[in-house]
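**Student:** Please arrange chain B on chain A, whose structure you already have, making use of the hints.
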Amino acid sequence: MDISALLLSRIQFAFTLAFHIIFPAFTIGLAAWLTLLEALWLTTLRPVYRRLFDFWLGIFGVAFGIGVVTGIVMAFQFGTNWSELSRRAGSIQGPLLGYESFTAFALEAAFFGVLMFGRKRVPNWFYLMSCFMVAAGTSLSAFWIMVSNSWMQWPVGFAMGQDGVFIPTDWSAIVFSPVAWVRFPHMILAAYLTSAFCVAATGAWHLLRGTFKSDARVMLRMGLGIAAILVPIQLVFGHLVGDYTHDKQPAKFAAIEARWHDEQPASEVLIAWPDQANERNRYAVSIPYLGSLIGSLSLHSKEIGLMSFPAADRPPVLIPFFAFRVMVGCGLLMLALAWFGTFFMSSGGLERKRWFLWATFSSFPLGFIATLTGWFTAEVGRQPWTIYGQIRTVDAVTPFLTTPQITVSLVIFCVIYALIFLAGAVYIYRLLQRGPVHLPSFDGAATNPKRPLSITGRSPGVQAAAPMLEMGE
Amino acid sequence: MISFWTFALGLSILLYVTLDGFDLGVGMLFPFAPNETARRHMLAAISPVWDGNETWLVVAASILFGIFPLVYATLLSALYLPLIVMLVALIFRGLAFEFRYKSVRFRWFWDVGFAGGSFVAAFIQGTAVGALVEGLAIQDGRYIGGPFGWVSPFALLCGLGLCLGYCLLGAGWLTYRTAEDVQSFAFRLLPRLMAAVLLFLAAVFALALALDLRVMHRWLEQPELAAFPVVGLVACAVFYFAIRNKYPLVPFLCGLAIFSAAFGTLAVSFYPYMVPFSITIQQAAAPPESVAFLFWGAGVFVLPITIIYTLAVYFVFKGKVDSDAEYH
Numbered sequence: 001m002d003i004s005a006l007l008l009s010r011i012q013f014a015f016t017l018a019f020h021i022i023f024p025a026f027t028i029g030l031a032a033w034l035t036l037l038e039a040l041w042l043t044t045l046r047p048v049y050r051r052l053f054d055f056w057l058g059i060f061g062v063a064f065g066i067g068v069v070t071g072i073v074m075a076f077q078f079g080t081n082w083s084e085l086s087r088r089a090g091s092i093q094g095p096l097l098g099y100e101s102f103t104a105f106a107l108e109a110a111f112f113g114v115l116m117f118g119r120k121r122v123p124n125w126f127y128l129m130s131c132f133m134v135a136a137g138t139s140l141s142a143f144w145i146m147v148s149n150s151w152m153q154w155p156v157g158f159a160m161g162q163d164g165v166f167i168p169t170d171w172s173a174i175v176f177s178p179v180a181w182v183r184f185p186h187m188i189l190a191a192y193l194t195s196a197f198c199v200a201a202t203g204a205w206h207l208l209r210g211t212f213k214s215d216a217r218v219m220l221r222m223g224l225g226i227a228a229i230l231v232p233i234q235l236v237f238g239h240l241v242g243d244y245t246h247d248k249q250p251a252k253f254a255a256i257e258a259r260w261h262d263e264q265p266a267s268e269v270l271i272a273w274p275d276q277a278n279e280r281n282r283y284a285v286s287i288p289y290l291g292s293l294i295g296s297l298s299l300h301s302k303e304i305g306l307m308s309f310p311a312a313d314r315p316p317v318l319i320p321f322f323a324f325r326v327m328v329g330c331g332l333l334m335l336a337l338a339w340f341g342t343f344f345m346s347s348g349g350l351e352r353k354r355w356f357l358w359a360t361f362s363s364f365p366l367g368f369i370a371t372l373t374g375w376f377t378a379e380v381g382r383q384p385w386t387i388y389g390q391i392r393t394v395d396a397v398t399p400f401l402t403t404p405q406i407t408v409s410l411v412i413f414c415v416i417y418a419l420i421f422l423a424g425a426v427y428i429y430r431l432l433q434r435g436p437v438h439l440p441s442f443d444g445a446a447t448n449p450k451r452p453l454s455i456t457g458r459s460p461g462v463q464a465a466a467p468m469l470e471m472g473e
Numbered sequence: 001m002i003s004f005w006t007f008a009l010g011l012s013i014l015l016y017v018t019l020d021g022f023d024l025g026v027g028m029l030f031p032f033a034p035n036e037t038a039r040r041h042m043l044a045a046i047s048p049v050w051d052g053n054e055t056w057l058v059v060a061a062s063i064l065f066g067i068f069p070l071v072y073a074t075l076l077s078a079l080y081l082p083l084i085v086m087l088v089a090l091i092f093r094g095l096a097f098e099f100r101y102k103s104v105r106f107r108w109f110w111d112v113g114f115a116g117g118s119f120v121a122a123f124i125q126g127t128a129v130g131a132l133v134e135g136l137a138i139q140d141g142r143y144i145g146g147p148f149g150w151v152s153p154f155a156l157l158c159g160l161g162l163c164l165g166y167c168l169l170g171a172g173w174l175t176y177r178t179a180e181d182v183q184s185f186a187f188r189l190l191p192r193l194m195a196a197v198l199l200f201l202a203a204v205f206a207l208a209l210a211l212d213l214r215v216m217h218r219w220l221e222q223p224e225l226a227a228f229p230v231v232g233l234v235a236c237a238v239f240y241f242a243i244r245n246k247y248p249l250v251p252f253l254c255g256l257a258i259f260s261a262a263f264g265t266l267a268v269s270f271y272p273y274m275v276p277f278s279i280t281i282q283q284a285a286a287p288p289e290s291v292a293f294l295f296w297g298a299g300v301f302v303l304p305i306t307i308i309y310t311l312a313v314y315f316v317f318k319g320k321v322d323s324d325a326e327y328h
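Residue numbers (the working numbering), protein chains in the order written: chain A, 1 to 473; chain B, 1 to 328.
Next comes chain A alone, as it looks inside the complex (with noise of 0.2 Å):
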């Protein structure tokens, strides 16, 4: 196996993740979304609520489409780029990433069909039990993922069998692992806040433009109201996923705070650009003391730096200190937008303050941007093993891929990919631009369960084609 076909692998593995990671951080959250919607609309019997059920559901199944045919590929690279890995460690992933897969098959798939077709052919109540078990499958399968993930960076339950398999002893400390309990709702939240922002931007954008002010006051309102309490849980739970990392993967923690030293008390590394391979910080800003505090929540404990570590088993610097800072601003950017919002909300003049509402419109990707960079984070941290302290990356990877052979998989991934980003974008774009129109189409009788892949709305290719049926091709 030659390095560059590692890196590759690596790179092709993390744009394919990368891009689909993009569509279920954005369909948990709206799922979740929709539910609450639903039960608004049986409860107060306010059009407003169903408006907004009816339009979101739209996008929703959009984002949902390119989430399933983007993980179908996911399914498959483990064996393709990573045989030694799934080889080793199938015995243990794979019945986790199974149960996703067959979880999101049995509820997704199935109550997807009666939200996007069935509000005519059942009761209320079971519309809104639809919902509310789409939004528990699409938070049922981060589960399996987390676990499996969690699993890859804190590896527990197992021995070591024949041929370096992994032969699982125990699977309730698998799944109850404390890592994935504490990164399940991390990513649940993130998956929520990348959500409510996205309402809160699509409302802010509405009041801007003059259109729907009604439907778009309530998305800004409900948007940012719900961030509001959102946002400091998350952190809360930032700060667990922390203290595990703290105490089971020291040298990514040391990596995030680019601290090259042992030092006791520990300063923290507010920004700098860390400089691998002569291994030190240049153009550090640090405050003494902060370190400690953060590490260990005391003045003067002792932190640990890479240099305690042998240099094959430290983490690449860069990536994961910049994306950690980057992740940490989104958030603070959200706490501000979002308290900020409700204290205008109770002191009046919300909508009237456009500065405030272009903020608010900017920052749709806020969430997108957090979830992305949190991922790099873990992943490029926990280098240069797949499995913490178990299996290196470079005994993963398939070891007869060629440089060629993966160069080609990862254009085709990216044309093919720019494809569906463009197609699915511009036509998001455009429901959304639409605005919570009421669309009886919803409910037409001569569509079909289960679609994950179909598009609701407007379809012109449809009615331009009668002419050319007249000519007879």
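Incorrect hints may appear among the rest.
As the list claims (entries may be wrong) - Facing chain B, according to a computed beta carbon distance under 8 Å, are these residues of chain A, among others:
1) V69
2) V73
3) F76
4) F78
5) G90
6) P95
7) F102
8) A110
9) G161
10) T169
11) W171
12) T398
13) L401
14) Q405
15) V408
16) I416
What the hints contain is simulated information worked out from the structure, not anything from laboratory work.
Ideal placement from N, C-alpha and C gives every residue a C-beta, glycine not left out.
**Tutor:** Using the frame of chain A, we list chain B on its own:
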């Protein structure tokens, strides 16, 4: 439990091949349709079910990963390029299916993508089966054949053969789901497709004899395998009468029977190997702890539910597409 999962794996592969087979076949026949109305009817004939059909591919991959990780790791990495191209072809085809009606100017682009993606996916699946039958270069459970170790005249012939087989299933499905001109188009095609498939089977058989493939020895060793060709022949005879009398649906069911017979032949002649002739089912199986963990949830509950759900969808969408069928 290993037997259960082996059966479940076989069933999901068979379901995938026959179900996605007919909609890939419709995709390949798509460019030959007489006119735009016919093309729309063809799309409408598969639109309720095609992505449900593809879920069986993921089910099969999940079972491989969870229960037979050695086979998952070996096969998927050995077939690296073809698999990636196949996945992208399937995605592109799905995308084309949905976006065909979303644009006017670029419809030609999506049409080419739909038909081309269907062809590429089918061709690669056939090639992969061919390569598997011929035997991949595997030593001590590790693939050693290089990036194009799966390419051979025999494998490529199998690729072409599966395309024809899928077209046969597709045309058979069209006789069931469509009426009038599309149905008669399908009935016109069926005899030629059947002749082509039989010709291909003869060619494969001859080539296998000429290459002296190990699989052939197993056929000679196990005469009870002859049951499958007999099923195939009976299906061909029924097929002939159905075409003459223009019975709808029957050609599709005959196609199913032929595919099942061929699949059964392969499965029995591989047994007890999973990757012939290097990895057996027992060697491939994950530790019992893993197998049991997946069995008590996914095996006992989710798999049967998924099968029932698939049946329900086919039941809901039985019968003909509307003659003035529109999208959605």
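**Student:** What hints, given by number in increasing order, does this structure fail?
**Tutor:** none
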